[in-house]
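Starting from the known structure of chain W, arrange chain G on it as the hints suggest.
So the sequence lines, in the order shown, correspond to chains W and G. According to my numbering, the first sequence is numbered sequentially starting from 1. According to my numbering, the second sequence is numbered sequentially starting from 1.
Keep in mind that the hints were calculated from the coordinates and are not lab data. One or more of the hints may lead you astray.
[Stated by the list, open to error] Now the in silico label distances, taken between C-beta atoms and shown as ranges: (1) G:H153 x W:A125: 37 to 45 Å; (2) G:D94 x W:S188: 23 to 31 Å; (3) G:Q162 x W:H191: 37 to 45 Å; (4) G:V140 x W:C210: 54 to 62 Å; (5) W:W77 x G:L199: 18 to 26 Å; (6) G:P132 x W:V151: 36 to 44 Å.
[Said to hold, decoys possible] A short list of chain W residues far from chain G (calculated; beta carbon distances all over 10 Å): (7) T40; (8) A205; (9) C213.
All C-beta atoms, glycine included, are put in the ideal place defined by N, C-alpha and C.
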Amino acid sequence: MAQLFPKWTNRIPLIVAVVVLFGGVAVVAGVWYYFSPEYTDVGYRPKQPVAFSHKLHAGELGMDCRYCHNTVETTAWAAVPPTSTCMNCHTLILPESEKLLPVRESYNTGRPIEWIRIHKVADYAYFDHGVHVRAGVGCYSCHGNIRKMEVVEQKEPLSMGWCLDCHRNPDPHLRPLDEVTNMEWEPSSDHAEFVERIKAERNIAPPEDCSGCHR
Amino acid sequence: MRHIVHILLLVALVLVGCTRHRPSEKPPIHPNPNMDDQPRYDPQAPSEFFADGKAMRQPVAGTVARGRLNADPEFYTGKNADGDFIRVAPVTIDLELLKRGQERYDIFCGPCHSRVGDGKGIMIQRGYVPPPSFYDQRLVDTTDGYLFDVITHGIRNMPGYQYQIPVPDRWAIVAYMRALQRSKNATIEDVPLERRETLRQQ
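Next up, chain W with everything else stripped away, as it sits in the complex (with noise of 0.2 Å):
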């Protein structure tokens, strides 16, 4: 009687063996890699519909942050501008552009403009710009140097990790008030006094427990 098994199955367990071992190593390694937000989010460009330069506007015309998003301040939301905003300037500066087509028409019709949203934390967590911004937290730790962007780009992640970096050590990212939208802000050299002064002014004890961000 021939064999039942051939010779080369011997080596059947030792292919498992091995198969299981890399497959569960590159598993969870692609898994930790590919699902992080540091994949799947960080570097989101989206082509908008009106090619907004933040460079230009931020960067070389020096404007403020707040000139457009002025609710920023005060609430969770910092809010895209109106295209009564952009009118503002743009009644008399390149009135005629074909860019700025949409942003005329959306002024005169009322229909706003419909951006696409870069920046979204999970809706289970609830985010407030305000509360951040008036601890002294600047734009750019979030968001980078927007001056810079031609096109603007997600940065950091936006995920619970990242968030919590900064909730248990918020010191690097703490500045005077009147520091909050500069983009070249630097820290410095007696960081850590003033860092301690003011979050016993701003009375700054961030969160770590769920229910800061987890309603």
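Frame of chain W, contents of chain G only:
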């Protein structure tokens, strides 16, 4: 064995092409969506339900939200009961208010009026009609109420800022504009006695 090396090389190539932080125009895909996107409206979200396409609704005409009665006409319009502009801002003017005014002025007014108020801001270089200098005698002599009204409703080529600048900040800006005007015509008599000597040395 050769095959295995080739496969490993191929896998490595694919992985190198899929590193983190690469710019992409495509919306993020979350392999595990959890409840990242819930069926609810965020502020400024679009809506298919309402005819104007907006989830955010306007207040019903003729209604007043709590705390928004704005009953004090002098504070909210810069005019007294007779409709005349009030001479002096109805706020307590201290250093804190002036600093607030300076910050708000730099944000909202600086682009056109320039940080010193001479009307030569960067937007003028880009083609906007130049505004008058704050140091014109007409504007030095005018009332605080008038300046407040101009910030609120705009004038000639200047747009109104009532939706961008809240009322208390508008008064802070008026106070700061007055400080700018005084700084231009200041003499040594305006400096506190104890500071005059150091200023002379500079």
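Task: Assessment of proposed distance window 37 to 45 Å (beta carbons of H153 of chain G, A125 of chain W) - done: Roughly 40 Å apart at Cβ, these two residues keep to the hinted range, so it holds.
Task: Assertion that A205 of chain W lies farther than 10 Å from chain G (Cβ) - done: holds (25 Å)
TODO: Note whether the CB distance of P132 of chain G and V151 of chain W lies within 36 to 44 Å or breaks it.
DONE: Since P132 of chain G and V151 of chain W have Cβ atoms about 38 Å apart, the given range 36 to 44 Å holds.
Task: Claimed clearance of chain G by C213 of chain W, with the beta carbon kept past 10 Å - done: holds (14 Å)
TODO: Given the range 18 to 26 Å, decide if the beta-carbon distance of W77 of chain W to L199 of chain G lies inside it.
DONE: Violated, since W77 of chain W and L199 of chain G (Cβ atoms, about 46 Å apart) do not stay within the stated range.
- [ ] Note whether the CB distance of Q162 of chain G and H191 of chain W lies within 37 to 45 Å or breaks it.
- [x] holds (39 Å)
TODO: Take a look at whether the Cβ-Cβ distance between D94 of chain G and S188 of chain W falls inside 23 to 31 Å.
DONE: holds (28 Å)
Open item on the list: Just want to verify: T40 of chain W was marked as not at the interface with chain G; is every Cβ pair farther apart than 10 Å?
Closed with: violated (5 Å)
- [ ] Mind checking the hinted window 54 to 62 Å against the Cβ distance between V140 of chain G and C210 of chain W?
- [x] holds (58 Å)
The structure is inconsistent with the numbered hints 5, 7, although it conforms to all the rest.
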